[in-house]
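S.K.: Knowing the structure of chain A, use the given hints to seat chain B on it.
As they're listed, the protein sequences go chains A and B. FYI, in the numbering used here the residues of the first sequence are 1 to 765. FYI, in the numbering used here the residues of the second sequence are 1 to 450.
FYI, nobody ran anything at the bench for these hints, they're computed from the structure. Idealized CB from N, CA, C, for every residue including glycine.
Covered by chain B, per the in silico footprint, the following chain A stretches (three or more residues, Cβ under 8 Å):
| no. | segment |
| --- | --- |
| 1 | 162-168 |
| 2 | 173-183 |
| 3 | 402-414 |
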Amino acid sequence: MSPRNLVVSASLLAALMVGMGNAASADDAKDESSFRTRLKPLLRAYCYDCHGSGSEIELEKYRTAAEIKKARGVWVRAIAQIRLGAMPPEDGERLEVDTRAQLLELLDDLVNSVDCVNNPNAGKVALRRLNRAEYRNTIRDLTGVDYPAADGFPGDDVGYGFDNIGDVLSMPPLLVEKYLDAAESITGQAIYTPKPSRVFELDQDPSKLIDAGKYSGGSGRVTLATQGTVALECEVPFTATYKLTIAASGDQGGDEPVKMKIDSGRLHKVIPVPSEKVEDFELQLRLVRGRRRIEISFINDYYVPKKADRNLHVHHVNLRGVEKRAIISGDVELPASHRKLIFVTPGGDVSPDQASTEILGRFASRAFRRPATSQEVKRLVQLAAKVRAESGRFEEGIQVAIQAVLVSPHFLFKVETPKELDAQGKMPLVTQYELATRISYFLWSSMPDDELLLLAHRGQLREPARLLDKVARMLRDPRANRFVKNFAGQWLQLRNLDQMRPDSEIFDTFSDEIRELMRRETLTFFAGVMRGNLPVTTLLDGQFTYLNEPLAQFYGIPGVKGPDFRKVSLVGTPRGGLLTQASILTVTSDPTRTSPVKRGKWILENLLNTPPPPAPPNVPELEKARLTGTLRERMEQHRANPACAACHNMMDPLGFALENYDAIGLWRDREGGEAIDASGKLPDGTKFKGVGELREMLVTQRRDQFTRCLAEKLLIYAIGRGTEYYDKCAVDQIVLEAQQHDYKFAYLIAGIINSDPFQKQGYRE
Amino acid sequence: MPSTLSRRTVLRGLGTTVALPVLAAMSETRLLSAAAVDTQVPLRMAFFYVPNGMHMPDWTPTQDGTRFELPPTLAKLSEHRRSFNVLSGLALDGARAHGDGGGDHARSVASFLTGAHPRKTNGADIQNGVSVDQAAAKQIGDATRFASLELGLEASAQAGNCDSGYSCAYASNMSWRGPTNPVAKEIDPAAVFDRLFGGQTEKSTRRAKSTREKYRKSVLDFVLEDAKELHRKLPAVDQRKLDEYLYSVRDVEKRLEGADRLRLSEDGVPDYPRPSGVPRELGQHAELMLDMVALAMQTDSTRIVSFMFTNAGSNRSYPEIQVSQGHHSLSHHGKSKEKQAEIAKINQFQIERFGYLLTRLGSILEDNGKTLLDNSMLVYGSGISDGDRHNHDDLPIILAGKAGGRIRTGRHIRYENGTPLCNLYLWMMNQMGVRADSFGDSTGRLKNLG
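Just chain A, with the same shape it has in the complex (with noise of 0.2 Å):
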């Protein structure tokens, strides 16, 4: 995209928005005009005898536009209460279909109006805890270490469509317990910490050692009254430096004492035992790693019948070993995050503490994705001291300290501080970080990169030029793949995918394998536009998909080939854009047939924003023996009953324009031995005939409502809220940017991110 159209564009709007500051007191007194002329003879008509003077809920007392605006709430009441046909009540005056829709858009018109010009709202989104696609690839973004366990964490509960709602995100126990445990397994992983130095330690009943059966004994010692050898043998488990204790005594004689000789490999020692009492004599000797022999021997034996008799007496044998700790060094391979991380180490003129400090301030602000302050350093720093000292490794107190870092509310979850109104009463815009943070979890799922955190740092990121720049690099950042994912995955209810069980006896050319490329196909497509910058309208009209071989083969489609996805040309096929994708098809089918008024549903909920209400409980049912002829006539039959008719009368010719695909998506001209009837009339009189004029009734005449749609559903995905009546304006500015420059993608994302909504912080009515 050009950054420079954008510029432009961006001042466009401004000038028409000063332009439209005149028309506000004109658009009351047209308001006046109609509430006089139009609405309020209505409300007397059907409201006002229940709703009159004195009655509880009393809506006659608002007597002018006026007023009905600044009671809000009463009337958004009120409007439910008639859109759901609970008013008025069944005894009162019967309201028309016809005439329910006028007043409900007269009302809506009125109560929902929202004056752009003067400061309107912003919204506040609620406190966003990261969810589980975030965590992921914020912890991988930010320590270098993939955690898939975090898909097992406790699902995301989703409001407005979409699994990253803060009012919906919850935090039970059971999430801390999670985020602990991966706190922990993630630092592990990240940082090295040598382990703990083995012990090696070996007592020995003299009894036991090799030859000891040689030489009389007893009472726990050997006694070797003749010169000879018994020896210790032992598996030694690492190599170090052991110390040897031998519990020896002596019977003395002759004119010199008692001599031990220890013989181990190299080492030869004499040692004196001068006492008849028992004594430990130690020595040190390094042993390497293996089977290892100790031999004691008795070289000075002396003996006068009667007179003299020395001899050596072993009572016990101790070896004992330390193993060297393993100093970080050369012969360890450290994880690559490791040195990312810990990029100073104590020692010469650095204290552990000077270390600490530099290692954790820069994680807790990339973490925090802003610049953690000196207090919050400190402390972090202090809980490493704590544990360093405890075990003595300067790596294991930086590892709990980022365990607290990423349990940390801070990381845990997008914290937006609150702001003032300022003198004009204008609403405040978000901070720079804050502003990057929601970019970049808008378009990557995850934390700024340091880029953006710079350009926050500097205070550039509302300069447009800048902006715009790395917006358009971002999306094609290979990280944007996450945004296709999560957003279109969940906008085209391609996540519900995993729910769908086609009968394998119907549909035997089914499978998981092609669950996925389906999925895949769409999600490239939808890229494909994206990075492209294509108008929004070829998600709908796109002659081109993406295909590999196995797809390709299920869709019948000659002359793919490979494992690979490619571009296809749909050119002179009947397919071509999302509603001809097998996904989608597929998605809104029942496990054994296809099913037009959920696809008619899907269209109206996701394509035009205009869902359908639920069905009434308790419909007269549809007796199977008086239903006769094909699915359609069954359905025109049904859709006798007025009560079931306002809704599939719109949402069933929309579903039989597909009925050429079957439940997984394949062509089919028949159904049951009859020709496939795929056309439809709506409401409004619009016919069309086939996916063919579907489509091409979808990107013209409703061309700006799809554009509407898509901006809608995508201001909710970037701002983490459902939309209100006050983002009225915001929607309208980001739709008739996208207009103004053919509906192409990149607009679109830019006119989100120049928006109130995203830019600033308003409060909650």
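M.R.: For chain B alone, coordinates are given in the frame of chain A:
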């Protein structure tokens, strides 16, 4: 049971096993000590939810009292017929529209354990009531390591609308700690196992574990302080979110402190292999998860459990039993005999799993000479009666277990239609030792159970 064996063989994952307390019957010393000391055995309660209502003609017995014939669905529990009561006529007023229009599925699960009428919203201002399990856990949960467990078999919805204007938070959760705090459920049996017994099985790791717990505590203390400071700065809407965080951190901290209270014996006792993940087949998944319920209760790790078979309005098909259409689609049967038969099949498949749990609990003998099942109160049912009518009265509800002898079982009890389901909950809470005079929309304590 051969099927159990083969399943265990298949799932003998990493080989970690947990040693269970010696069965009372097997250990003389324990029998002796049991006689000498306090023989008080705790009561347990659990709630099992199935969505989309039932095929009621196959559910409700035609006769009342003790001599009734088990209709086809309940017949799946015939071997336990002396251990449960069928309660007819109970109602969930909160699940009714009350002017809010459609959305009976989301509403019925949101109110199933709360008795509240959830506010219709897609997200902003979620508002429900406190659920019976959480209300009880709050008062008596301190007695065990886990105040309560929240389990299920189906992940939360991942996209789209859950039920006409209701956030999926209503449809995917039935335990509510506070009016705005749904409690997420765990669906992976291996994860439940690890939570319950992780690190408790190998002596050699105990020291490492205690160091780890010490560090954990430091970490929790640290972030608690962070959160408290942040809390002061935020507006009310954000404070509500942070309150959840604060609560959860404190809760985990409390659990760390009570970690050594797990009653585990190391002697030669029946062991249970650590499950290796989520089986694809729902029946296996359910049984493995119900094993976790049994283990948790047997080791007195918790006394309160909530269990959602599937989410509200679940449209899962059941290839396991040759039902290829979605459960929710089928439940709008329009009196079609075929669809009703399919619904009944699903009802039976689910209640058979419940029967599996009853068998397990019935085979565990406790210190008071009764079985674990005898010492429990297990509610099984749905917040919708007939899936096509979406009515919330005359609900299909079973109460299994004898509450340590306080319930006379083996009966079909018919209450005046419209009697609040919450009357049952209130009675149960009181048995558990919870002080309460009302709950949800209760009008009194359910009569005639003893």
